[in-house]
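J.: For the sequence shown, the working numbering assigns the number 8 to the initial residue and increments by one for each residue that follows.
What you were told as hints is all true, and nothing was included just to trick you.
Distance ranges between label pairs, derived from CB positions: (1) TYR56 - ASP15: 37 to 47 Å; (2) SER55 - ASP15: 37 to 47 Å; (3) LEU47 - LEU19: 12 to 22 Å; (4) ARG35 - LYS58: 31 to 41 Å; (5) GLU29 - LYS58: 37 to 47 Å; (6) LYS26 - VAL49: 17 to 27 Å; (7) ASP20 - LEU47: 13 to 23 Å; (8) GLN21 - LEU50: 19 to 29 Å; (9) GLN53 - ASP20: 17 to 27 Å; (10) GLN25 - TYR56: 34 to 44 Å.
Hint data in this document are derived by calculation from the structure and do not stem from the laboratory.
From a predicted model like this one, the values you see are computed outputs, not experimental measurements.
Ideal Cβ placement from N, Cα and C applies to all residues, glycine included.
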Amino acid sequence: MQTDQNKDVTTLDQILNQKYGERGAVKREQWEKEFEAFHLEVLLEQDSYLKIDYGNDNRLSKECGANGRF
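Make a model of the complete structure from these sequences and hints.
T.: What follows is the structure, encoded as structure tokens:
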């Protein structure tokens, strides 16, 4: 359902259709595949960054040049 407020809004799907063709087109499928790989890479980087435990081995202190005494 499209309302008067969003009739001028262009969706990502509309932009991709214009630039790469409809879903199923070779160029569009290649873009989708590459974007999925990029998205997974970003998620994995975020996950691995969040799992770093700086408290146990004072890696943070070493990285920023502090001596560990606060």
